[in-house]
Amino acid sequence: MTRLVVVGNGMVGSRFVEDLLAADTSGRYDITVVGAEACEPYNRVLLSEVVAGKHDLSALTLPTPTSPRLTVLRGAPVSHLDREDRVVVTTDGARLRYDRLVLATGSAARVPPLPGLRSAAPVDRDDPFPSDDLTAGVHALRTIDDAREVVAATLNATRAVVLGAGVLGMEAACGLARRGVAVTVVHPASTLMERQLDAEAGRVVELAMARLGIDQRVGVGATSAVVEGGRLTGLRLDDGELVPTDLLVLATGTVPSTTLAASAGLGVDRGVVVDDDLRSPDDHRIFAIGDCAQPPEGGTGLVAQGWEQSRRLAAHLCRDSSTSGNPSRTVSTDLARRSSTSGSDVVRLKAHGLDVVTMGVCGSARTDDPAQRTLRLSDPDVGRHVEVVVSGGQLVGATCVGAGAVAADLVTTYTRRTPVPADPAYLLLPALVPHQGLGPSSPADLADDTAVCRCNGVTKAGITACVRDGATSVAEVAAATRATTGCGGCHDDVCALLDWLVPVTSPEGAGTGENHVTKGKHMIHSTETAGS
Amino acid sequence: MTTTSTSTVRADSVATHCPYCALQCAQTLTANPGVDGANGVIVEGRAFPTNRGGLCQKGWTSAEVLTSPDRLTSPLVRGVDGELAPSSWEDALDLVADRLLAIRRDSGPDAVAVFGGGGLTNEKAYQLGKFARVALGTANIDYNGRFCMSSAAAAANRSLGVDRGLPFPLTDLASADAVLLLGSNLAETMPPSVAHLAGVRGRGGLVVVDPRRSATADLAADGQGLHLQPVPGTDLVVLLALQHVLLTDGLVDADYLERRTNGLEDVKRRSALWWPERAEQVCGVPADLLRDTARLLAAASPSRGGTGAFVLTGRGVEQSRQGTATVSAAITLSLLLGLPGRVGSGYGAVTGQGNGQGGREHGQKADQLPGYRMIDDPAARAHVAAVWGVSPESLPGKGMPAVELLASLGTADGPRALLVHGSNVLVSAPNVHRVADRLAALDLLVVCDFVPSETALLADVVLPVTQWAEEEGTMTSLEGRVIRRRKAVEPPAGARSELWVWAQLAARLGAAGTWDTEPSLVFDELARASRGGRADYSGLSHARLDGDEALHWPCPATGDGEPNHPGTPRLFAESFPTPDGRARMVAVDHLGPADDLRPDAPLYLVTGRVLQHYQSGAQTRRVPALAGAVPGAFAEVHPLLAARIGIADGERVRLTTARGSLAVPARVTDSIRPDTVFVPFHWAGTGSVNRLTTDATDPVSGMPEFKVCAVDVTAARVQPAGSARPTAGVPA
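Protein chains in written order, with numbering that gives the first Met the number 0: chain F, 0 to 531; chain E, 0 to 731.
Since the hints were derived computationally from the structure, they do not count as laboratory data. Among the hints, erroneous ones may be present.
[Claimed, not checked] Simulated pairs of lysine to aspartate or glutamate, EDC-like, Cα-Cα distance not exceeding 16 Å:
| hint | chain 1 | residue 1 | chain 2 | residue 2 |
| --- | --- | --- | --- | --- |
| 1 | F | K53 | E | D291 |
| 2 | F | K53 | E | D11 |
| 3 | F | K53 | E | D287 |
| 4 | E | K486 | E | D80 |
[Stated by the list, open to error] Here are the simulated distance ranges between beta carbons:
| hint | chain 1 | residue 1 | chain 2 | residue 2 | range |
| --- | --- | --- | --- | --- | --- |
| 5 | F | R178 | E | A298 | 22 to 32 Å |
| 6 | F | A21 | E | P562 | 49 to 59 Å |
| 7 | E | G203 | F | L428 | 23 to 33 Å |
| 8 | F | A209 | E | D595 | 41 to 51 Å |
| 9 | E | D93 | F | D447 | 24 to 34 Å |
| 10 | E | D595 | F | S25 | 19 to 29 Å |
| 11 | F | D81 | E | T713 | 57 to 67 Å |
The model shown is predicted, which means the values in this text are computed figures rather than measured ones. For each residue, glycine too, the CB sits at the ideal point set by N, CA and C.
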């Protein structure tokens, strides 16, 4: 039995445990997962929905696998890692020996070094929860407690400032606005969501934000938080403006939680450095996944990447039959990695009234690649902006603002690498058009080969011929062609055709019996059909 | 309804039902001998709750199969020259019995396998299961319903405790405010049923989930509902996102969940992973449309003041390696809304084959005995063995499900002989290249059919049997109603009922028990065998079914002097037939297709039906009007894909998957996703899309993943000499 310890019981850690249990069909691993938070794992991605008042907290709880091979320790922060003895030590002194160790410690909210944000100084940079000591009225939005506190604060706050307009900041701003709070977004970069949006797309989003009643200070940084009587009262900007506020939400990025790895001597850059197999080059027994990891392609901070890594590592750990691990045998090819990680960088804003989706090549992160072709649909007056980047017959990037269904189509094209149209301009509009109803309003405009009765394959030409042969009523048409005798849905259409055909082809008064066709009779038939 | 229907039948006419799909449209047949003495029949629609007198083109032309020019009228035996030649019944039956005995002696009883069909009458389905277990003693019997209803059946059994396709009459749909149709194209597959959607369409509540803008999806156009057009193979994601919205927005029926269900906590956690924006990235359905759909369904549900809502699944979502999971999610959705067991609401699976419902109840499934009993249940074995007059120990155990069974034929440990009844596996099974290889490896293939189907043409012995208008029996329709099939004409000389064939073979094999050939007597035995089972027919008989009642199972026998049980049109009013009486919500997750896109197969292939054809087409391809309307397979291709590969409407495209290749004309249409092509599956040989489909199966139900695989699509202007790898013995 191989002892495997997972540090971190968040979205990626808990998912990895599930993936590993599913992949480990031979029961090779004895798994222990330790998590700092006392609660069950929850869906952090939806915290902004909680702020928006769309979800309650109980809807966030994630699946918790159970297995005789699994031990879960919650509320058990890890104090240090002893690689010599292969032991993880928790703050309450438990020692967990491992043969394989998976770090899924995630990341913490970054608190910018502004005067007034923290109630106590100096700041302990190694504190895994750096938002604990924030000034009253200042909140991060990273944990379930943060979300609970922000929601509680909105009960009294009438004004709020969101610092940072990345994905989380935008969602938080829209969510707070939805709660009726007057929101100002402060963003030091020159474009909202500048990692995802270029200047033009950013301007369209600014207009959309304004329509939602959200004030914006873009290209302006903050210099200090103004605190009175221990409580936040405003935010001072670097152009000298004072924005009064009761509530400040920090959405200024995250910092990978790497303290444990760094103090154990593992290579740490922005995150824990890992190779294509998600393994630390410094210790072949240790892996890192999710926000705390820094794979060769870089971390995106998106959960899709962490889940993809989780699935990949679980498969890898169960495929590798060598218990000692031989790095030279298990390194994935670059191609395989690129293909398996494709599409995990799609950014989709969850914000009421704001429709932004980006993927691949977009925003500030683009290079001048001559093989790339960029096409744009710019429609700022209605808040629409669509850009696609195509290379080698594939979609390699897209920016969608207010694009509706086009964005969903582009995501599937991008993530599944389906071929793009010969003229990629077609990507800018929906390929799937809604059904246009019956089309021509007059029977005269219908093409002869139009199927009038689908159930029995009767075309307009077939009914025309039938009338030419003397039929004057629906019943006669039905007897001759079987039109209307399936689902009956074409009854009105056949009536309309008869009204159009019969006066021309049949002299008035030719029929006086039960089946004589008049407009009024058709109307009665139609009513019966509709009401039955 | 039935009172008036019987009174409108002329003295020389019989009231019966269409030979094709599970809607079982009521027909009146009047014998009309042709000038040459052929058995012509005049077909008319007959008023009945399900079809309201309507018939589609298949139904209207159904009598033409009776007089098909190549109708089988004599047993055929493959001679030393390799050709099938006419034989007498005596010789053919002796030959089959001798070979079966020899194979059983040499290799044991499981070396003989049986493959049945969902088109067989209840009497035949029952007798075939008994013939396999008693006369052959083999565990290896399964049927083409494995390709049809097995995922829906598995999911319904584990969540609701019973599998009756629609646990309510079809007419209940009329009053609903919402109907969610997942993977069902009933406007093509059972057209007269569309009339039941008029009400919900008028209220804007028809929601169709289909990668194609099918004829059924068109019914939701112009404000009559919504069409969700997901990426193939991702219907489960749509359902999980709908669950997510209902749960997070507080739109569920909390009181119902508390009183009538288990499993909410797990379902809640699993769906927490599928917020609409994430679901959109996987299934391609815009998040707002997912939210709108969930809210439409919630508003229609009784707990929120609606008139009712239905969730219905079809093969489109079930023929998948996650088909059981997908149906489980659909059932869970309906339970979250509080639908099952409420009049005017519910969950149902739209059964496909004519007797797809009855065919799965009476013992032709690998793991079942009559009455929808499980073959590994000692009490069930004892009850059925007593009816059959054999010892419970003599009954075999579970056999292999269809795909596994077909894959094992002629292998070292697999069956050496196969008897096929009411099925055309060479066309209808997935990955038919492999099926052809396995059939060729058998020592003995015996096929009973009324026309020389592609499978029959490969057989060592072909036995000509009666069909539809030439026989008496019962069918169980999509709504669990047991109905009578009646004889209108004499079968052609030489054709025999399969009941007679099995009685003859049973005698030659020295089988115990009785082998009635009279359908009403076989039904009476079936009724006794089903007594106390989930599908209890013990209160039914041909005589009772000939009356005016609408009888849905379960319909148990009652004691002497007690009134008859009235049947059960609606299930679950009080409780679910699970051990604790509660429905079980099963938490499931999305896995995706087994054969997903890759650089050399960057598009999805989906398969399905056209209105004019039924199943493998063995019947409908023999009707000139139907064959003329849709003469062969084609590929629906989006204009953007057509432009990219440089083809115009009507030009041929070549489709290539990991298993085979096919060249068919393109139908260029904007009703399909640009990343997907659709090919109907009713044709054989070089027109058979099942040369391309994958035989990956659902781990719970054994259902093959017909509905999605990865394909490459190119222009096929230059015709290669052979369009696919050669397949020995397959007729072109």
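Each hint tested on the structure:
Of the pairs offered as hints, the one joining K53(F) and D291(E) holds, with about 15 Å between alpha carbons and a cut-off of 16 Å not exceeded. For a cut-off of 16 Å, the pair hint linking K53(F) to D11(E) is broken: about 67 Å separates their Cα positions. Pair hint K53(F) plus D287(E) holds up; C-alpha atoms about 14 Å apart against a cutoff of 16 Å. Restraint check: the Cα-Cα separation between K486(E) and D80(E) comes to about 39 Å, which exceeds 16 Å; the hinted pair is violated.
The given range of 22 to 32 Å is respected by R178(F) and A298(E), whose C-beta atoms sit roughly 24 Å from each other. Checked against the hint of 49 to 59 Å, the C-beta distance between A21(F) and P562(E) comes to roughly 54 Å, which is consistent with it. The hinted range of 23 to 33 Å is satisfied by G203(E) and L428(F), whose Cβ atoms lie roughly 26 Å apart. For the hinted restraint 41 to 51 Å between A209(F) and D595(E), the CB-CB distance of approximately 43 Å keeps it satisfied.
In this structure the supplied range 24 to 34 Å is violated for D93(E) paired with D447(F), their Cβ-Cβ distance being about 59 Å. Between D595(E) and S25(F) the C-beta distance comes to about 25 Å, which sits within the given range of 19 to 29 Å. Between D81(F) and T713(E) the C-beta distance comes to about 60 Å, which sits within the given range of 57 to 67 Å.
Of the numbered hints listed earlier, those contradicted by the structure are 2, 4 and 9.
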